[in-house]
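The lines below spell out each chain.
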Amino acid sequence: MSESENTIIERIRGGDVESYGLLVDRHKDQVYGVLRRLVGDAETAEDLAQTAFLKAFQGLATFRQQASFSTWVTQIAIHLARDDHRRRQRAQIVPLETADEGEGGSPSLAAASADPLETVIATDLQERLTRAISQLPSDYREVFVLRQIDERTYEEIAELTGVSVGALKVRNHRARKWLLDRLREEEQPSVLRLHRR
Amino acid sequence: MNALLARYLDGELSSAEAVEFLEALDRDSALEAELREHERLMALSAQLPSSRAPEGFTASVMDRLRSAEGNASVATLPWFRRREATWLAAAASMVLFFGLGWQVADPGKQSGEATSPTLTEEEAAGVGVMPASWVAGLEGAEDLVAVRFVYPASRPDLRSVTVAGSFNEWNPSEIPLHREGALWTAVVVLPRRSHEYMFIEDGQRWVADPTAVVTRDDGFGGRNAVLDLRI
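So the protein lines, in turn, are chains F and V. Take any residue in the first sequence, count from 1 to its spot, add 3: that is its number in the numbering used here. Take any residue in the second sequence, count from 1 to its spot, add 86: that is its number in the numbering used here.
Warning: the hint list may mix true and false statements.
[Unchecked claim] Ranges of calculated distance between the beta carbons of each label pair, as one might list FRET restraints:
#1 V:Arg279 - F:Glu158: 32 to 40 angstroms
#2 F:Asp184 - V:Ala104: 22 to 30 angstroms
#3 V:Asp303 - F:Glu6: 40 to 48 angstroms
#4 V:Asp96 - F:Arg90: 27 to 35 angstroms
#5 V:Leu269 - F:Glu189: 47 to 55 angstroms
#6 V:Ala110 - F:Pro140: 24 to 32 angstroms
#7 F:Ser73 - V:Gly97: 21 to 29 angstroms
#8 V:Pro296 - F:Glu189: 41 to 49 angstroms
#9 V:Pro242 - F:Asp184: 44 to 52 angstroms
#10 V:Glu103 - F:Glu13: 43 to 51 angstroms
#11 V:Gly97 - F:Glu13: 37 to 45 angstroms
#12 V:Ser101 - F:Ala170: 22 to 30 angstroms
No lab work stands behind these hints, which were simulated from the structure alone. Cβ coordinates follow ideal geometry from the N, Cα and C atoms, glycine included.
With the rest of the complex left out, here is chain V (with noise of 0.2 angstroms):
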């Protein structure tokens, strides 16, 4: 009957089995009550008094858009140029290793199925997109490594493929993936040390590595792919 409360509370009942509900209720004062008290609840929680942002709350955001970030421009703040990224390939000798979900070009690795020394120029216009603050800190080349994202196409229809993670705070639509065939890949430069992140289809749908080895709980029933670095 558990099931049936639920689905009650949420409207989901066909016609017959409201009727059973309802009939249960008169027979069960039990049921009855528990139903009183979640929907009780239900009305308690909605007139709970909503949180408002803070006083300042705009202006606070504005200002750590213009001071913090630097020269805050949409054009030219967050994202990594070509240029940039050419020059990156060349900061990082890189040894490809190969998984369906990710690869790691690094030079301390060595690897039969190793298949490039360097970046490619394609794989290097791979990085599509890089947040700024990366390129700030790419003096300490030994501590990055160069990592090809790699997603199977899941369905033709398919527009779109992004990348997030702990790396860019989870931002769903700062590095895209490029159609390759059947795959979609994005090259990202990340510090060696231990990451979780997730793919987005169509700047909707959050979907945990398929091929991923190392999963972990994100604490909210689903789980993210494990990339560590350090290893």
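Pulled out of the complex, with its shape left as it was, chain F reads as follows (with noise of 0.2 angstroms):
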């Protein structure tokens, strides 16, 4: 059986340094993955998601386990990913792009448009939304990856953002809608009705 993690924190919190490794191996999936969606290149998610876990174990000692530590972590990384966003729209610089990536990642933007024939098979149809995404509002983009990727309550996500349950809502509904005027407007015929089961 898997040591608790309220165990791990207590030996860290001990001066076992090292055992914080344990705590990144068990959440570093997660907290990658969200912030990959959320601010989009896979080297500004990789550091936003170390430092996370930097800022994460800074404050263990006062960590009171309120919350559970993935959940702290995670806010923390949004929290993060938010202060990116605004420092990438004072600098001006175009937000997201859908890198290069290895194992798990999403194919170029370059190959997306390489063979307009490709469009019809579900690679690229999974290639093709999330480019959408990562082309939403920002607030959209933070309840539908948390909530329709991640698959979050909605509960989790607004201890996560500090937005209430009802506006997670609102903007949850909107992102959907927003994202198929977005795959209509990119593809005739609807790539989702190609698809359709």
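Both chains are given apart, each in its own frame, so use the hints to dock them into the complex.
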């Protein structure tokens, strides 16, 4: 049976810094995955994910375990993503792109547009959806990623983001409509209809 | 009908509402088509390949922990001890401004509401935690300002309040406020620039400063309080 997180945290508080690697291992995919969807490019997502874990470590002594470590480090990650978003806006950098990535990553935009015939295959649909998600307005993207991709409850998302459940529901519905409109604009006939079950 | 569609997709319709909605679907082919598209989109989204952390991620975090942050020790790295707080209080001579959300101690400011030229021992003790990186940068004390964050106790069973902001990369547990009657307070020394912050109740609920005069859209539909120390 795996060691409980409380036990690991107590050990770290006792000075066993190396045990922190166990916590990182347990939650790295979840934290990185959320950031990858929120900020777009793999390099920034990795840097922010690492920073989130460092910040969580720094606060571990005062972490009261009223929330789970997972929730806590994800909260930090989301706020880092928001800061990153604001910095990019100020610098007038196009905020998101779907860069090449290894295992589990999104295909590149260049590859997406290279061959129109590829538009009818499922991987292309995923690619287009991924790109559309990266272009969602930021407040819609956050709830869409956490709800529809990460499959969290609205209550969990409210805890993570500080946004009310009611507002999250409205945003999620608007996000879906925004995405459907974007996908319809991109592709005629609709890729969604092409791939309907 | 859009409201019913959204609530149907969230599984929140009552039995009567569900009947009404399903009847509407029979009558309205456009509504049915829209529903099917939403459902398809949700299914596709849930099937998107998840992004796994890159190879060597944990090792990189641990390397940064050991090296970039100095002699990493959970007992000594992140927390600013009372001794440093006292030194810090001596380094900055101050006049206190009053506002509920925060109070600024600054030698360059004069105010009729000023009450103390320096941080008291209790105020210095209020600096419960402080990142090590801040301590390292304290040589230029003239560029630092002591700020007292004040949060009204919103309910009697509130167990903890912390403040997080752009000054600590939004770490929600690093800076606890201490209860003083109906208020929670903490003194924090910040660089003289613009900061954004929020309070966190019980380690979970992020709350915008209810008394903030200036707020800024956080880009995600919420509002952060703004604390501009440049003026």
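Hints, one by one, checked against the model:
1. V:Arg279 - F:Glu158: 32 to 40 angstroms: The hinted range 32 to 40 angstroms holds for V:Arg279 and F:Glu158, with Cβ atoms some 36 angstroms apart.
2. F:Asp184 - V:Ala104: 22 to 30 angstroms: Distance hint for F:Asp184, V:Ala104 holds at roughly 27 angstroms.
3. V:Asp303 - F:Glu6: 40 to 48 angstroms: With a Cβ separation near 42 angstroms, V:Asp303 and F:Glu6 satisfy 40 to 48 angstroms, so the hint holds.
4. V:Asp96 - F:Arg90: 27 to 35 angstroms: Given range 27 to 35 angstroms: holds, Cβ gap about 33 angstroms.
5. V:Leu269 - F:Glu189: 47 to 55 angstroms: holds, 54 angstroms
6. V:Ala110 - F:Pro140: 24 to 32 angstroms: Holds - the Cβ-Cβ distance for V:Ala110 and F:Pro140, about 29 angstroms, lies within 24 to 32 angstroms.
7. F:Ser73 - V:Gly97: 21 to 29 angstroms: At 24 angstroms between Cβs, range holds.
8. V:Pro296 - F:Glu189: 41 to 49 angstroms: Since the Cβ atoms of V:Pro296 and F:Glu189 sit about 43 angstroms apart, the hinted range of 41 to 49 angstroms holds.
9. V:Pro242 - F:Asp184: 44 to 52 angstroms: Hint holds: Cβ distance 48 angstroms, inside 44 to 52 angstroms.
10. V:Glu103 - F:Glu13: 43 to 51 angstroms: Given about 49 angstroms between the Cβ atoms, the range holds.
11. V:Gly97 - F:Glu13: 37 to 45 angstroms: Distance hint for V:Gly97, F:Glu13 holds at roughly 39 angstroms.
12. V:Ser101 - F:Ala170: 22 to 30 angstroms: holds, 26 angstroms
In terms of the numbered hints stated before, the structure departs from none.
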